Amino acid sequence: MNSLKRLSGFIWIALGVAAVYMMASQAGTEISAAAAANKAVLDTKMFWYIIIPIFAPIMAGLCLFGWYAWKGEYDVIVRDSEHPK
Amino acid sequence: MTSSSTSEPMEKKGLMKVITASSVGTLIEWYDFYIYGAMSVIIARQFFPQDNPTAAFLAALATFAAGFVVRPFGALVFGRIGDIIGRKYTFLLTLLLMGGSTFAIGLIPGYASIGIWAPILILLLRFVQGLALGGEYGGAATYVAEHSPVGRRGYFTAYIQTTATLGFFLSLGVILTTRKTVGVEAFNDWGWRIPFIVSIFLIAVSVYIRLKMAESPLFAKIKKEGKVSANPLKESFANKRNLKMVLLALFAAVMGQGVVWYTGQFYAQTFIERTMSVEFEQVRYLLCFSILAATPFFLVFGAWSDKIGRKTIMLAGMLLAIVTYRPIYKMMYSYSDVKTRTEITERGSKGVAVAVAANGDSTITTTTVAAYTDGSTLKTVKKEVKLADVSKPAVKPETTKTLWLSSGGFWMIAFLVFIQIIYVTMVYGPIAAFLVELFPTRIRYTSMSLPYHIGNGIFGGLTPFIATRLFDASITAENPGGDPYVGLWYPILIASVCFIIGLLYLPNKNDEDMND
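The listed protein sequences derive, respectively, from chains A and B. According to the working numbering, the first sequence holds residues 269 to 353 in order. According to the working numbering, the second sequence holds residues 3 to 518 in order.
Isolated chain A (complex conformation):
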């Protein structure tokens, strides 16, 4: 089970990177398309200018989660009450 937890860490890192890349490329496509058609340019820009700065740090958090998982930090979950005081 711990091997699976660690190996999956790589998937979460890849997922975080892929999500940011896809968001950025989708934003570029939609903003260009809106500008070319001169339709809903402000709405499209607003949407992506808000979405990307919000989701990018969260996806960085997913990558960090994956890194910790890969390093075996989640092999055993120990709550504070269970730590030796």
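What the hints contain is simulated information worked out from the structure, not anything from laboratory work. This structure is a prediction, so every number in the text was calculated from the model and none was measured. Backbone N, C-alpha and C define an ideal beta-carbon position, used for all residues, glycine too. Honestly, I wouldn't trust all of these hints.
Said to hold, decoys possible - With a straight-line Cα cutoff of 27 angstroms, these simulated DSSO-like cross-link-like pairs (lysine-lysine) come out:
(1) LYS388/B - LYS307/A
(2) LYS398/B - LYS307/A
(3) LYS403/B - LYS307/A
(4) LYS384/B - LYS307/A
(5) LYS352/B - LYS332/B
(6) LYS339/A - LYS236/B
What the hints assert, rightly or not - Quick look at which bits of chain A chain B covers, simulated, 3 or more residues with Cβ under 8 angstroms:
(7) 270-284
(8) 301-309
(9) 339-346
Once you have looked at the hints, place chain B on chain A.
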């Protein structure tokens, strides 16, 4: 006699007082937050005229920023205060800020009176609302959990979990009652202000109740021992041992819980109203029935999580949502598909009205009403503008549809929404107990609030927007009706990732000892 988290006795009567004081305030905060969303169309008309680009920009910002971006910041600001000066005074402050800003929204003159200041003031107040909401929930959940007896924390914190749904219910109820009392026209003109102004009385009662409460026993204990954190933000997010728990909470539980919650309660409403074109009041009534019937299940699943573990119930709710969302929405949509119904031609009607403007442009409005054997009625209004100046480009005709469901259709859709809210109760009922058990007392408020508001505010809160956007993108020349179910891929995808992470990494054992 039960033993509380502090190992000191807490009578049931005292505990119920704690729960009432916390729940009433949180419920009112949710009410305040939701009435803005429920009346966004009227507010946009009064404060954000679409022909002014700056005002339109501020409208989008008020919707997105306050609801989603500001909430996690509120979690950080008030979480920090709550871990330093205490839970009681912090969630009193959030209550006052929320109530004050809601009341003020009800008093601000419209764009026609004070121009651009109207949308700027609304935006500022909406920011304050978002900040206050970000600080409220963590405080209330922590406060109740720190009073709860060992082995019943899921049950008692589930009372706090009912408040978001009941706040939504209250907002629907107050809006419907006000609309009925003053009439639709007066409501759109000035009556919409009443639900905002009413908030001040609700807040006054809640502040009075909360002022009488004592500080959380666990926080009081660490304060007495001098163990209060000097820098909860640093301890929460710069300390690897705690940061990895924050990430676990977000990606293994709250992210999926957020999308299931917002799909069941809010996207369902958007789908029924926008995609299915069901009439305004019918939508709100069926939501009210579904919410009322499902709300007790928060307590059922909260209590059950004390016995079989939080993980099992939360992940079961997510899995059911992933597997059944598409069949549920297909079934709901079938009630709006009039092509499969038999029309009663003699009960239908068609009317045409022509209005000619001073410049010679004429507007032809064709209203068609079709009645069907199952009892449903569809009204279609088509507006065509014929320009006097034929050299100008033609205006595209506008068609709006309003569907009145049959009695059978109404109750069937109410039942299908009820099922979705049952999923909400499964994922959301145990989440407060799950979060408070994950973090130590000295930084609990800060640590649990951030993942909660990222999961619910951002992943969950964006569900209706992203799903509607996916639907709009599916409308093409080849498929002018679009794919009505494409929006569901967003919650299904997020809930699936969260389900897998939760299944792999979450422990199912509840942490009985919160005195850490």
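Counting residues of the segment 339-346 of chain A whose CB is closer than 8 angstroms to a CB in chain B, do you get three or more?
It holds, with 3 qualifying residues against the three required.
Just to make sure I understand the rule, a stretch counts as covered if three or more of its residues have a C-beta closer than 8 angstroms to a C-beta of the chain. Does the segment 270-284 of chain A meet that for chain B?
holds (count 5)
With the threshold set at 27 angstroms, check whether the alpha-carbon distance from LYS398/B to LYS307/A stays at or below it.
Distance of about 15 angstroms is within 27 angstroms: holds.
Mind checking the alpha carbons of LYS339/A and LYS236/B for me, to see if they're no more than 27 angstroms apart?
Cα-Cα ~23 angstroms, so holds.
Establish whether the coverage given for the segment 301-309 of chain A by chain B is satisfied; the threshold is a Cβ-Cβ distance below 8 angstroms, and no fewer than three residues must meet it.
violated (count 0)
Would the hint linking LYS388/B and LYS307/A be met if the CA-CA limit is 27 angstroms?
Holds - the C-alpha atoms of LYS307/A and LYS388/B are around 23 angstroms apart, at most 27 angstroms.
Pair hint outcome, LYS384/B versus LYS307/A [Cα-Cα no greater than 27 angstroms]:
Between LYS384/B and LYS307/A the Cα gap is close to 23 angstroms, so the pair holds against 27 angstroms.
Distance restraint between LYS352/B and LYS332/B, which requires alpha-carbon spacing of 27 angstroms or less:
violated, 30 angstroms
Below or equal to 27 angstroms on CA atoms is what counts here, so check LYS403/B against LYS307/A.
Status holds; Cα separation ~24 angstroms.
Hints 5, 8, counting from the list given before, are not met by this structure.
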